[in-house]
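Line by line, the protein sequences are chains G and S.
Numbering-wise, this note's numbering puts 174 at position 174 of the first sequence, and it's gapless, one number per residue.
Count along the second sequence starting at 1, add 218, and that's the number in this note's numbering.
Since the hints were derived computationally from the structure, they do not count as laboratory data.
Treat the hints with care, since some could be wrong.
[Claimed, not checked] Derived DSBU-like pairs: lysine-lysine, alpha-carbon spacing no greater than 30 Å straight-line: (1) LYS171(G) <-> LYS374(S); (2) LYS369(S) <-> LYS171(G); (3) LYS265(S) <-> LYS2(G); (4) LYS147(G) <-> LYS291(S); (5) LYS428(S) <-> LYS100(G); (6) LYS369(S) <-> LYS2(G); (7) LYS432(S) <-> LYS168(G); (8) LYS367(S) <-> LYS100(G); (9) LYS360(S) <-> LYS214(G); (10) LYS220(S) <-> LYS42(G); (11) LYS432(S) <-> LYS100(G); (12) LYS266(S) <-> LYS100(G); (13) LYS291(S) <-> LYS168(G); (14) LYS255(S) <-> LYS102(G); (15) LYS102(G) <-> LYS265(S).
The structure displayed is predicted, hence computed values, not measured ones.
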Amino acid sequence: MKKSYEEMSHIYGRIWILSALGMIFAYPIVTCIYYGAWPGWKPVLTGLLGVAPIYWTVGLIEVLTFVPMLGTSSSYLAFVTGNLTSLKVPAALNAMENAKVKPGSEEGEVISTIAVATSSIVTTVIIALGVALLVPLTPILDSPIVKPAFDNILPALFGGLAVVYVSKNWKIAIAPLVFMIVLFLLVPSLSSSVGVLVPVGALIAIGAARIMYKKGRL
Amino acid sequence: MKFNPNSTILFVLAAAVIVFVIAQSVFFMVRAYRHGKEIGIDPAQMKKTIVSTAIFTVAPALSILLGVITLSKFLGLPLPWLRLSVIGAITYELPAATSTASAFGISLSETVSDPKVYSAIAWVMTLGIFPGLIWVPLFIKKIQGGLMKIKNKDGKWGDILMTSLFLGMISAFLGMVFADIRIGLAGWIPIFVLLFSALVMGICGILIKKCNMKWLETYALPISMLGAMIFAAVITPLIGG
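Looking at chain G on its own, in the form it has when it is part of the complex (with noise of 0.2 Å):
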């Protein structure tokens, strides 16, 4: 029997983020040979304990947040080309809104795949010219005037978007909202943070929906 669409997404998925892997470690590991310099265990296990606890847990705390808005194929892809929460899943999210259709839907699931994908190529193409043209480029995207406009590209994107959703959505974006506002105001410095609040967020915007569902408001 043939093999559904979904089923073939997990099948490529696997090998494909499972090469990928493959790929990102034969970097250390050839400059090891190549050079013949092996660092040791103590750099690096010393140099691992100042990141890894943080990253591994925001690691699998994106991945329970991410896959349920991005659907199969993007996961696998997204998880490989990196930089989720600043632009492939606002990528996912607008494409899906603009054809109207909904995550986890099999039209959803089309449409976030082939946004990701651009937004994927698309990086790897600007950040491969700027390398290459690095010498013209670095003057104008270090200038003082433009450093503002990327200094402020996060509330740039984020107040769009939220427009969009918080509007449809006003009743179950008030509690996390609200909460959030407080908690940044007594604690700015949870800013270099951000990754973890955002099942914080999804946990309390849960809750708050629970609630209003239960009684009837939403």
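Fit chain S to the known structure of chain G by using the hints.
Below, chain S without anything else, positioned relative to chain G:
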């Protein structure tokens, strides 16, 4: 072998991985497009998705490129190019590099010249982020199975649950914008930018609905984002951020 963080072999290695990732993207894109046609999605809609996503991606991609430039001062070009094109993000890679350099008792103030320091940094970056690639194949079926159960039990609640997930994410980022307001007016700049972006998006929404400008839908998010970025570049020198 004399070590150089910009050597040809490192460029070739990075390029090989990046080409692989592009191939993966093309593979899934073609598959999704064909399947979309099979299940009756209008090809025009899929093309629109490609165009609007491509435009939307330009500004964030340039901001990632800025990250490559920042890291290249310490690590040469190939490693940052690879890390930020594939799985990484500047917010991960810079602390990983700093943490490793401090394990050697050095600070990242100039280009790394010791191959051992360099390879240790490459290892920490790789080991620091690779679990994401294992969690996905390990958990994806369980997560989706759980969601399906919820949806089959109560379809309406399933939809509300998904919406709540998005709103949770958006709330975290909206909240973050308020982090700096205690430093004075300059700390308000991100809020002004956010509001400006929201305003442009709102105007786009009105034009789409009231003036029937359907074509604008494709460009509304990139327009509000770029507009707000330009706004940031204009008001920052005025406010003195």
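Can you list which hints this structure breaks, lowest number first? Those not satisfied come down to hint 13.
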